[in-house]
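Protein chains in written order, with the working numbering: chain B, 1 to 327; chain E, 1 to 327.
Treat the hints loosely; a few may be bogus.
[Unchecked claim] No more than 25 Å apart at the CA atoms, straight line, and that leaves these computed lysine to any residue pairs for SDA-like: (1) K6(E) / T85(B); (2) K179(E) / K321(B); (3) K6(B) / M178(E); (4) K205(B) / K183(E); (5) K266(E) / K183(B); (6) K141(E) / K321(B); (7) K183(E) / Q175(B); (8) K183(B) / K183(E); (9) K183(E) / E252(B); (10) K179(E) / F89(B); (11) K179(B) / K204(E); (12) K77(E) / S86(B); (13) K321(B) / E252(B); (14) K204(B) / D91(E); (15) K183(E) / T85(B); (16) K179(B) / R92(E); (17) K204(B) / M178(E); (18) K179(E) / Q175(B); (19) K205(B) / R92(E); (20) K183(B) / K77(E); (21) K183(B) / M1(E); (22) K183(B) / T185(E); (23) K6(E) / E252(B); (24) K6(B) / K266(E); (25) K6(B) / K141(E); (26) K72(E) / L318(B); (27) K179(B) / I169(E); (28) K233(B) / M178(E); (29) K6(B) / K204(E).
Hints were generated in silico from the structure; no laboratory data involved.
Small disclaimer: the values here were computed from a predicted structure and weren't measured.
Listed below are the residues making up each chain.
There are 2 protein chains.
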Amino acid sequence: MPQFRKDPVTSRWVIIGDSPDVVFGHEPNHKSSKTCPFCPGHENMTPPSILVHPKKGASSPADWQTRVIPNKFPALKIEDTPEKTSDGFYDRVGGFGAHEVIIENPDHYKEIPDLSEEEVEVVLKVYRERCLDLRKDPRLKYILIFKNYGPDAGASMEHPHSQLIALPIVPSRVQGEMKGAEKHTEYTERCLFCDMVHQEAAEKKLTVCSNDKFMAFTPFAARFPFETWVLPKNHEASFDTISDALLRPLAEILKAVLGKIKNSLKDPSYNFMIHTVPLDIKTSTSFHWHIEIIPHLTRVAGFELGTGFYYNPIPPELAAKNLRELT
Amino acid sequence: MPQFRKDPVTSRWVIIGDSPDVVFGHEPNHKSSKTCPFCPGHENMTPPSILVHPKKGASSPADWQTRVIPNKFPALKIEDTPEKTSDGFYDRVGGFGAHEVIIENPDHYKEIPDLSEEEVEVVLKVYRERCLDLRKDPRLKYILIFKNYGPDAGASMEHPHSQLIALPIVPSRVQGEMKGAEKHTEYTERCLFCDMVHQEAAEKKLTVCSNDKFMAFTPFAARFPFETWVLPKNHEASFDTISDALLRPLAEILKAVLGKIKNSLKDPSYNFMIHTVPLDIKTSTSFHWHIEIIPHLTRVAGFELGTGFYYNPIPPELAAKNLRELT
């Protein structure tokens, strides 16, 4: 069974799998819709659906627009227990958690930039619905929604999909962000992310695009070339409390930004991750949910691994200009 | 000019380059020794040497075994100043530092497993010599020595080489490791890494190989499949104080481990990084220098980027067994 192990030096948690037979390779599987288990008509090749959102005007419940299934090769298992054990002075915790796959749409070849805004909105609505359902389990402490697109971003399936991992531990990365944001609020009584939005609204150096409700910009200290963040303009701590009124503007900006990245950078591999507050935090004046989009144009190498610093050869204001000016 | 920028959320430093014309691609350059600027006879294609270690029994000083040059496309520049400026509420620091390339040996096609132990020892001696020279500059706070081998590990040149980056800031990653190690020492009055060596000497579950002076093992919470650490068995805080007597045993174990990784995993890309104490720390009872070797078999994806957790499908004890049993 999978298990969490804690590195005693850094207190960093690692999920150790139980896949000794894993075959390493960077090419996604099922390149054709004929054999793809995520394509319509192949539903019996996957575990049963957790959630099905029907196609607009569908006559049959089998006619789905977006579908959520458990990951067939999960990093974590909901039937495991978060039991703590030791191995000498090392710590481990049972691999309890959830690992789901959100099949974004039925068409094997249609990624987010190719969908209608209405179709992207369904994907976002499904994200929210899964969060609201999983947060009922008090053993879960954090939910991460993310997408790996393309071989360089770790995608193992070609059919358009995103993933959800629910964890019994709040990740150190999230704790670090929460702490950093709180420090700013203690000092200024303002939200750090709202300050970013305001400074950028005035300076317009880092903006990729924006609408009434959301702003997309390259962060001042972007780790990766063309890294882009999408933030709600008004303060909101948690993604899963997003109102219906914000879903369409979010769909619009996500489709626009991913389209710009696709078209200006020759369809690169990318990841996006929704950064939100831990489940036991109801509201926060300092943390502000957002989406971080990371195109994979460079490799994380020895310098990054050895220091935790990043080296980004492209100034973010230049990346923003390139993306912004692309129509 | 390059500059350091601080992410206001995580306080993570990023080096922002000035290479807007960078061409993205993952294949190393100069695949043939005919055009390779690191090959003997092509010394005029690189900046002048900082250090040259002659070949054994060389008759001419041009007949080198290992050579150090400034990086032609440096992430940092020694002629820059570590001046602090702001951009609204964002912080930046001038891109002061050193970025050097260690050309490990003259032969374009000979990597560490293919060299003699004596030749590997020269590379390690040169690492030490560059550290001892650079630590004279009081503006430098940390030196990282690392190697990117192969396209998936971010190597941009094919000729066997490693790199050195000297920074005016102690990386957060290093601070975190120091703090974690100190916490263990406060509590136990022992060194955490020495404890790892002792527990492993008794249990022998994670050992890859060892000799009198060094132990190579897969860490209990390995982030990556086949990740391997090399530690001196006796407590030593800083790599650059390594005694002459330890250089040969280190060369022996590094050659052995990299050979095992090459042969058991189809010559994968890998990084290694020397983890050592910051320059202003003379001695430490809690930190213990070591080398971390990371083969690139999986991709860092959305889960890792979003949480700081890692997912490793291969249990480290199984990876160790595979490497150990390979002769």
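Exercise for the section: Could you tell me which of the hints above the structure violates, numbers in ascending order? Expected result: 1, 2, 4, 5, 6, 9, 11, 12, 17, 20, 21, 22, 23, 24, 25, 28
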